[in-house]
Amino acid sequence: MANRGWDEFEIGAMLRSFDGVSNDIATTQQEDRNYSQSNSFVASVADWRIEKPIFAKDFCIDCQFCWIYCPDMSIIARDKKMIGVDMDHCKGCGICVEVCPTNPKSLLMFPEHADEEAELAKWPAKESKEK
Amino acid sequence: MSEMKKIKNLKEFSTSADRFEGANLLCPGCAHSIIVREVLNATNDDLVLSASTGCLEVCTAVYPYTSWDASWIHIGFENGSTAVAGAESMYKALKTKGRLKQPDRNPKFVSFAGDGASYDIGFQWISGCMERGHNIMHVVLDNEVYANTGGQRSSSTPIGGSNTTTPAGRVSYGEKKTKKDMVSIMASHGIPYSAQVAPNKWKDMVKKIQHGFSVDGPVFINAVSPCTTEWKFDPKDTMMLTDLSTDSLVFPLYEIIDGHELNITYRPKTVVPVEEYLAAQGRFKHLFKDEYKYLIKEWQERVDAQWAYLNRREEARV
Ligand SMILES: Cc1ncc(C[n+]2csc(CCOP(=O)(O)OP(=O)(O)O)c2C)c(N)n1
Ligand code: SF4
Ligand code: SF4
Ligand code: SF4
Ligand SMILES: [Mg+2]
Chain A
19 MANRGWDEFE IGAMLRSFDG VSNDIATTQQ EDRNYSQSNS FVASVADWRI
69 EKPIFAKDFC IDCQFCWIYC PDMSIIARDK KMIGVDMDHC KGCGICVEVC
119 PTNPKSLLMF PEHADEEAEL AKWPAKESKE K
Chain V
294 MSEMKKIKNL KEFSTSADRF EGANLLCPGC AHSIIVREVL NATNDDLVLS
344 ASTGCLEVCT AVYPYTSWDA SWIHIGFENG STAVAGAESM YKALKTKGRL
394 KQPDRNPKFV SFAGDGASYD IGFQWISGCM ERGHNIMHVV LDNEVYANTG
444 GQRSSSTPIG GSNTTTPAGR VSYGEKKTKK DMVSIMASHG IPYSAQVAPN
494 KWKDMVKKIQ HGFSVDGPVF INAVSPCTTE WKFDPKDTMM LTDLSTDSLV
544 FPLYEIIDGH ELNITYRPKT VVPVEEYLAA QGRFKHLFKD EYKYLIKEWQ
594 ERVDAQWAYL NRREEARV
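For the protein sequence lines, the chains are A and V, in the order given.
Converting from the first sequence to the numbering used here requires adding 18 to each position, the first position being numbered 1.
Converting from the second sequence to the numbering used here requires adding 293 to each position, the first position being numbered 1.
Each hint should be verified, as a subset may be incorrect.
[Unchecked claim] BS3-like, lysine-lysine: derived pairs with alpha carbons at most 30 Å apart:
(1) Lys562(V) x Lys98(A)
(2) Lys75(A) x Lys586(V)
(3) Lys529(V) x Lys586(V)
(4) Lys70(A) x Lys586(V)
[As the list claims (entries may be wrong)] If you want a taste of the chain V side facing chain A, the calculated C-beta under 10 Å gives, among others:
(5) Ser309
(6) Ala310
(7) Arg330
(8) Leu340
(9) Pro528
(10) Glu594
For the record, the hints were derived by calculation from the structure and aren't laboratory data.
By construction, the Cβ of each residue, glycine as well, lies at the ideal position given by its N, Cα and C atoms.
So here's chain V without its partners, still in its complex pose (with noise of 0.2 Å):
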């Protein structure tokens, strides 16, 4: 195995070189972005990438231009993963048979796709990456929408949201269903290493990254992307939102190991009200309502409730 990139902190991090370009058109302020810089540059190794349709993919792969500095395929919505996938067993198999031009470059085969890509539409796929051991690793640009095609919910929407297919007014508050619990069931398929993430955490997200790449076998990341657009908040607040969602533990950080060992790799000074991040954000607002704000004190209760079995799996140990 390749050394590990050092990045004892920021300003050394900051000497990175980025292999994902500007001139990209993704939102002003969009998370995607972040994630996909803060990925990439925890490793210095070469690169095989694919992203699966959606902002990441369509806003970086415009003709003529491509946004990426690394190898990077892109075939549909529903199998970026099982692309990666491929690559990888190719380079096992060339590997083993002694045909590669550089067989000690040790590059590293990521899948970057949104939430409904990975919640929805390529869930069958991920799976049997997971199940069949591929040495890869799949990251969720977690935005809880299908942003791209303007707003439709997908399983990862939380419970209470305005979407275009969802939407709140006279009669509905909006989403029904509360979110999937993708990280455990992505964790349940026994994989080494699966995590959540949040790029306002970089240092968190930088160890869980180095560490994903250093095992051996499949890894799942889901990480946390507000959207400006598709939440409604003003794109200078993206890292304020971000820290709105780690800091209320809406989105708490923590890893699973094997399928089972979890540690909670975040513990905010101050937790911060679930209204607090609710309100940030337009795609919420109506839930401010008398008649709807029941839902908001049901927000923080299920908060509190995940947030206590979080502690009681780690305390377990099991």
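Looking at chain A on its own, in the form it has when it is part of the complex (with noise of 0.2 Å):
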């Protein structure tokens, strides 16, 4: 399908957004959809990315600002907890980390290229706040 080009498909062709039957999308989490070939979330904008966020686990209070306020559908919320960034569509737009409210920041933007584990050993401490 996806070799296709938009002028040889029929008229009234139909180009689904998953598989099969899709009754009750709206409370299946999107590792047990069946996502179709024509799907958006197949896709990947990772190459958008300049810049990147890690996510450090042990400062988070799992308050979700992060996942309400990201416009990409990729900061990952399970059984209201943050467990991570989905990086297939995360474009890098630093949101997440702008409205994180921990000391220091659980969300922190990197260059693509850095090593999140080396990042995530040397995170920055508690900034004390200035009077």
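Please assemble the complex out of the two chains, which come individually in their own frames, going by the hints.
Below, the structure is given as structure tokens:
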């Protein structure tokens, strides 16, 4: 299908978001969905990024600010916990870092090529608030 | 009617399974997407959606992909509202005739459109939908400009902004007209619910969207959508800009019930000067030159006057 041009479809052809029956999508998490090849979920925009967010779980209070304000559905929340960033769909905007309320932040931006483990090992310490 | 989704707090909200997908082509930091997520996640019911031509539509249906996990219609720039109204009319007719395969699923009919598509080009179509009383919700993604075609002014564009068709320069400070009051115009149709929302105030947004889904008849929602590309700010600052827009009262949050009863739904603890909102955006940069500073003062006076008017309307309970 992916090889066909836009003008080679018959009029009325349907590209579906899911393969098979797809009732109750609103209560089915991504990992349990049967995404079709025409759902943008199967694509990636990882190469748009210049910077990427890295998540330091230890400081996270699961407030979900990053989840609600991420424009790209890239903060993965399950059972009310923030569990990581979807690096196929994250565009590196940095909003999640801006809205993260912890001290030190639980999310920070780094150059795309940065090494996650190395950055986590030297995560900034708590900043004292200047009076 | 189906049961309302329970969303007591943000943790509970975060258990939602998004029906809008990533790897769409909206700019990094685009607020359109944040608004769409909050609207869709306000319900677990089936959705019949439309998008009028504009950034949201162009960036989420790029062959061979769709970013929508629900029925989604796009026809043209002007007629997203009537597309969904047509689907809603068909649904009602099939229901009356007993021809629906799953009659108990209570789908929600939502039309998304930009300010260009709503305030200008789709105006009469939306007006028709509101007047005919369809059970639909029209949501404006209000970035105050024709963003998708490179920043032309619309009747939502505020005074003093520099846009490609009303540029600031040696002879002009940019846009000369003040923004059209679309929420009032739509409320004047006597519709059961119209409201202004902002994605930073997600709880207020969800409450309003859920109320909109629960009423019988057309609903009009105007959502402020800061546009990193056209308002000219850093993509990481989209939420900061949204905060400035609501807390400076440039975008006051309120609702109008049955076309007349007005309630203010958010009162900032500390009201931010309009100047700070303007200073955070490149489109207003020239206003800070000495010869144009009077416009900033006029901006503040206009915002104060509108806030006083909304407060009087609320108090009067008319
Ligand atoms: C009838 C018609 N006129 C003009 C266009 C070109 N056009 C496509 S998108 C767009 C701008 C949309 O602006 P708006 O509705 O504000 O949405 P935004 O892109 O800002 O989200 C225009 C002018 C069109 N597609 N159809
Ligand atoms: S950088 Fe932007 S796109 Fe990536 S996870 Fe954070 S908010 Fe989402
Ligand atoms: S905003 Fe920060 S603290 Fe809150 S859930 Fe996200 S990472 Fe955790
Ligand atoms: S131009 Fe503005 S509205 Fe359009 S995708 Fe980019 S940020 Fe969003
Ligand atoms: Mg627009």
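Hints, verified against the model:
no. : hint                  : result
1   : Lys562(V) x Lys98(A)  : holds (29 Å)
2   : Lys75(A) x Lys586(V)  : violated (47 Å)
3   : Lys529(V) x Lys586(V) : holds (28 Å)
4   : Lys70(A) x Lys586(V)  : violated (39 Å)
5   : Ser309                : holds (8 Å)
6   : Ala310                : holds (5 Å)
7   : Arg330                : holds (7 Å)
8   : Leu340                : holds (8 Å)
9   : Pro528                : holds (4 Å)
10  : Glu594                : violated (31 Å)
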